[in-house]
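**Q** Knowing the structure of chain A, use the given hints to seat chain B on it.
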Amino acid sequence: MANTDFHLQFQDFEDGQGFTENNQDATTVSIDDPIKSRKQRKATGNAFEEEDSDDKTELLSGQKKSAPFWTFEYYQTLFDVDSHQVVIWRAVASIAWSVLLLPVTSAVFVLLSRFSLFHPIQWISECTSLLTASSTIFSLVVLCGVVLITGLFNLEFYTLVPSIPCSRMALLGTVLHPRQCVHSLVYCTMGMLVMWCASVTIGGRYSTLGIPCKQSESGEVVTCLNEYHLFLLLAGAFMGYSHSFLGVVKNMYYVSFQPIQQYKYPRFKGCLPMVVKCSVIQSLYSARNFAALYFFFGYVPKTWISSTLHLQIDSSLQPLDSLTGLLDFSLLYHLSISGTFLYFTWYLTVLLFRIYVTEAYSFPVQSTFTEDAEQCLPKVLAETNTLVMKFLALQDLALLSQHSLSRRLEVFSLSQPGGHPHNWNAISRECMSLLSELTQRLLAHQDAVASNGRVKSQSASIDTRSASSSSSGTEDVSETPRLSVPLRTPGSVFTSSVGGMHSALTAPFTPDVDSPFSSPAIRRLVGQQEPRSPWFGTVQSPHIMRRGPKLWSASTESQSNGSPPASPATVPSPPAANQKPSFLAQWLQNRREQLPEASSQALFADSQAHIWALQGLSHLVAASFSEDQFGVVQTTLPSILSCLVVLLEAVDRHFKLPHASSKPVRTVCSMGDSTYKTLRFALRAALKTAIYKITTTFGEHLNAVNISTEHRKRLQQFLEFKE
Amino acid sequence: MCSLGVFPAPVTAAQTLFERNNELLSALHPGEHSQACDLPSPQFTRDTLKGHSRPESSSRSVFLDQRDTLWMRSAGAWRDAGLYGLLDEITNSAEEVPRFLAVGSACVLALLRWASSFHGSLFPHLTLSSDEMVAEFSQMLDWSDSALRSFAWHPHTDKFAVALLDDSIKIYKSNSSPTPTLKHRCQRSVCALQWKPLCGSALAVACQSCLLIWHVDPASLSTRPSSGCAQVLSHPGHSPITSIAWSPTGSLLVSASPVDTSMMVWDVAAESAVPLQRVGGGGVTYLSWSPDGSRLLAATPSALFRVWETRMWTCERWPCLKGSCQSACWSPDGGCLLLSMQGERVIYALTFSDLTGGPKAASVVADLSETTFPGPDGDLTVGGEVCSLSWDPRGERLAVLLKGDSQADNHPSVIAVFKTRSSPVFELLPCGFVMGEAGAEPRFMQFHPHFQHGALLTVCWSDGRISHVPFYFSSAGLLGGDSPQQALASNTTNPSSNKLYTEQIS
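Chains A and B, in that order, are what the protein sequence lines are. For the first sequence, the UniProt record's numbering assigns the number 1 to the initial residue and increments by one for each residue that follows. For the second sequence, the UniProt record's numbering assigns the number 1 to the initial residue and increments by one for each residue that follows.
Treat the hints with care, since some could be wrong.
[Claimed, not checked] The list that follows gives simulated cross-link-like pairs (lysine to aspartate or glutamate, DMTMM-like), each with its CA atoms no further than 20 Å apart: (1) A:Lys214 - A:Glu359; (2) A:Lys722 - B:Asp217; (3) A:Lys722 - A:Asp652; (4) A:Lys656 - B:Glu309; (5) A:Lys264 - A:Glu359; (6) B:Lys50 - B:Asp166; (7) A:Lys269 - B:Asp166; (8) A:Lys663 - B:Asp217; (9) A:Lys722 - B:Asp158; (10) A:Lys264 - B:Glu316.
Read the hints as simulated data drawn from the structure, not as lab findings.
Same shape as in the complex, but just chain A:
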């Protein structure tokens, strides 16, 4: 410490001197003592601070690449702690609330599990004594641990852009993906833990795995297997798996934003009945399915457990995998009650996370301090790493453009020395680049459809054998950063060269850098393939295949992969002529048929961002008519108008494609959020409303705006309300 003191004094002394001496001093110290040197380097001067920060960023990025998702560092880097503390705190608060709500749900569960209609007083007194018993407290602690783990584990899977498998094979691929397998495994374990706690709480015949019983021939007391306990444990594992399975099939981890803003408590209160209903229904379904499964295959785990743990099977009791054993009302009641409890705790975690994360956050439009500049709206809008911040910023933009006069004035203001409209320029540029990126994506998709006749022929025409034996190396193409502008040539929609560069670098278990809220690029780009699935490896471009380890690759595979995918009709014909397709191949072929609408849904999967951008842009432009004192919007008005009209044309053309305008069936009562299925309609409506907003505000003045004649004609339609 003396050393440090000395240096501080020394610095005061040498205040007027140049940097060189300070630097020399610092370097000499750093050779001696690296830890102290860092402190001093901070003290010594600006020249080192930059280096220091460089060090830090390297450190962070290194962690990002290396930390696996079960370590704490991973979650630290998840949100890039510096600038995105908001999301971290929201996630933490949501998990904390789900833990805090656990005693309440447990109490309700205890009350329901001991329910007896005819002895109400005994029931109440039993429950109160049970609630204070040590075993209940212990299982409550275990449950808290379970909720914490699931809450943290879920963070890895939440997504703002749903994964839309475009064919049944892709869906199968998603379900069998290693990441998903880990998820299922964790949830099976958690389900068993919860069910263990539940069975301990219910007590009675369920409480332990081994019970003493008398052997029939000798009469001595041995430990027997308690089948009721085993039944509940297995049910927990089954429910855990079905939760995980339905989570991926129904996109349970898709976080959607509500059309209106509400405070958290009213929203939670409003959603609670839905969650209870969903968990009851899901639990009843699961109980039915599990009972059927146990009836047929229950003897397998039973014999296994009894042989490994040397537990006898009590032959005097009715075995549970029989009709009479299963038709036990109290058993089924307890099964469905504990299943409801299980699902409810999990759904509650998801619900709280959704509520917390989607709450509107107000970013400052501009800041007087330069260190806060990173937190300002224009900077966060341009964010590419964490999608959630971008979404929140866009939502904030849409809100401020409608509700807040003072913040709009900040957007229209000029920078103080210089007089440049930096805020407006940054915001409008970001919104327009989002919209034009969507336009490009739509055009690319339309080109692909036009060149092939139908989209599905691309994926369906690849040789089935090669697909079924597809290489595992290409499944990580999904771990690529977002593509800003997709390639537009028809054949090249699939050959995303950017994807190739990053493929095969990451192992299946390594999470991608911005995984929780980001989307795989290609899924959004192409729309008809689910890149996470190994089944689509063959659709990738040849040079990806060359990079990937060809573990199972046959010779035919490279042949079919080598041919350009733009001419799909010719590729499968030679093998089809040579050999008759087997039954399995045909089955696979059928499964790989496109699900209708899926490609459209995938194209518009992240359109919530575009909707906000449209709303924000149109309301700001409309407000500028009376509020923009310096005319900063006028310079960009022609480009905004033409951007909107071009997007409108692309969207109109997209809706003329088959299946694009068919509505999905509305699902009732499921925790999975299906709003992504109708996002394309919402986008179309928002786009028209945005154009109308501008045209009704500006009216005849639009004739003076410098845009091309075709666009003017289109706008004239809007002026006459003929759209």
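**A** Chain B alone, transformed into the frame defined by chain A:
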């Protein structure tokens, strides 16, 4: 406070044509017909329209009674009338079922009936049938008897939609283009219509069982758009729908039903709804969104209404003294809300401002108790409860539809028109009564949303006619306007895009 006593005496003999020079002129003066505007004014008579004589569920009485098995009948009862029907069926066929089942179901049925009657005594409107409920809470006076069921102007163009007794909707435009007729299987007992703002084509229809969103292509020449053009939005327990309101930005649609305590906020394109529930009041009957989009009035069937703030969707409760809120309208700037209550013959005003944090109490601005005017052919009594209120988009005229007494001979329903003044204090001044042709009573009225020479009131009459009454006046707000601001905007821009605003100035 303004009362009906200071109004000029109504001219009963002839139809009111228009207002000019602060005077309502009627058809007595010859040569004034040329002033009428060129908007279509169709007429519908009850005879040509055939309503649905009976609801669908009772059609089984037409057919011969056939004894099915108990299972079949139970299943049918469950399908038709739910739990009630099932229990009723079991109780009625006591000889076929075990005794304990029949007794049990009878007990459960009695219990349910008792509970529902208890609930109904709290909220008497729940005992009404859905048609009666629509008639009770509709803004249309005498809804069940009228040939016209609802009416709505398009907010931006000269186009209006009329719902008729036979559950069809016709759309009229100012030029003589074809008038599309909209029919849909679910379109029953239309209670309210509203066009989507900032859109050329979408029309929301509040029906008995669901909400329909029609997309009528304005460029299409077809007179019968297929039912594929309609989106059906429904939510269990949310019917009949008696009121709908689009947000002024056109992004959200709110629907209300008197039996549902939650109102639905629809994202129409995505077909998703967010229920906003507040227990108390027993339902929501009438919705009105303020023109600036910041507040939403929601009236309930009991003596309570709420004013929602639309940014975070919180509400303030306003308990009323006597009856429920029957009708309301907002001033064009969204700062003032005029209300009328059932059973009271006054108009209340609530003034909202962002500075003071909302009003504390409503003030009475007009007294509408019965007043008798002497006339050439006997006295004429006007005044009574308010059925609906309408404020013109400039905020200069307020039309009030006053219920008459159907028993009394000389006490018809009339429309009283007030002039409104907001500065220095909010004030209502008498303008006059709008009278129809002899024998016709007004049923519904709405102001044209963008009439250029003042205000244009469209009235639906009891004889099935729709007429337009223009009010010609020069608005004080037009002269001052916002031209200085626009001049400023055009001066400070760079020269390349300078032409944007210059047209107006030159």
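**Q** If you test the structure against every hint from before, which numbers come out violated?
**A** 1, 4 and 7
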